[in-house]
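From first to last, the protein sequence lines stand for chains C and G. Under the working numbering, the first sequence has 82 at position 82, and the numbering climbs by one with no breaks. Under the working numbering, the second sequence has 41 at position 41, and the numbering climbs by one with no breaks.
These are calculated hints, taken from the structure and not from any lab test. Glycine is no exception: its CB is placed at the ideal position from the N, C-alpha and C atoms. Check the hints yourself; a few may be wrong.
What the hints assert, rightly or not - Here's a subset of chain G near chain C, in silico, CB distances under 10 Å, partners left out: (1) Tyr37; (2) Ile74; (3) Ile75; (4) Cys79; (5) Cys83; (6) Ser84; (7) Asn85; (8) Ala88; (9) Ala90; (10) Gly93; (11) Ser98; (12) Val100; (13) Thr107; (14) Glu148.
Number of protein chains: 2
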Amino acid sequence: MRCDRLNVPRRRIVARARPRTPFPAARQGRDMNAKLYVCTTCRAGEPVVEGQPVPGTRLHAALTAADAPDGVTIIPTECLSACSNGCAVALAGPGRWSYVYGRLTETDAPDILSGAAAYATTADGIVPWRERPVIFRKQSLARIPPQEN
Amino acid sequence: MRCDRLNVPRRRIVARARPRTPFPAARQGRDMNAKLYVCTTCRAGEPVVEGQPVPGTRLHAALTAADAPDGVTIIPTECLSACSNGCAVALAGPGRWSYVYGRLTETDAPDILSGAAAYATTADGIVPWRERPVIFRKQSLARIPPQEN
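For reference, chain C alone in the conformation it holds in the complex (with noise of 0.2 Å):
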């Protein structure tokens, strides 16, 4: 068990057991303007093949394919740091704690632009933790809390 899991004041807990609108933040006026940072010049461990989109790259390409999810916009990075744990990318938005997640593939793109969605929604960036797609919940990297700048 993930002590992020735990990390959910009981309150918010009771308050997420009501019917979900589908963007609280948004009806409450608060900024939904969340970014999926994606790292593209990860190798993920694969060696470079010269004219061949690295792993990074191709999972950029799949996040991209179709419409971001509302409320999300998909930023190509040079670099997450994260390169022993590769693909990766990271969620953050204004006053939101920010994710990190690893060992992802393009085939990952489908979930994390659901779990993206749903971060979105979130005042706090933090989601209940059933509602997270399983790769997010396995395969947090970090996440670090909200900038108030």
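For chain C, the structure is supplied; the task is to place chain G on it using the hints.
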């Protein structure tokens, strides 16, 4: 060779070759308020012994045993979600890349503080590679681009 190392524009490397002032960010009127988050709940794979502090708590105690470096605020945090690579700390600050480091112990406290001090002097969070402590070069878990709220 880490690609984070290469992710520094050439003009930046040239600029760094000139003598460095102690606090260039401060001299240029930038916000020096860097935050060093320390995961205090981390067990680092050790069994929990009742009445004994977990490794994360011991790391936090070691980091706060002396005064924090100029421009660095040390913040205990309940979970940085890097449980399989603990102990973990994160560095963040306005306009800066955030970094998370793992596999740390209380004996690393002096190097963590030294690295945090160097981070606080930067405008963008990118400390020149050779000026980073070895633990920061080799034990990066992830980094996240600057957040602009």
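Here is how each hint holds up against the structure:
no.	hint	result
1	Tyr37	6 Å, holds
2	Ile74	13 Å, violated
3	Ile75	8 Å, holds
4	Cys79	4 Å, holds
5	Cys83	6 Å, holds
6	Ser84	9 Å, holds
7	Asn85	8 Å, holds
8	Ala88	7 Å, holds
9	Ala90	5 Å, holds
10	Gly93	8 Å, holds
11	Ser98	5 Å, holds
12	Val100	4 Å, holds
13	Thr107	21 Å, violated
14	Glu148	8 Å, holds
Comparing the model with each earlier hint shows violations of hints 2, 13; every other hint is respected.
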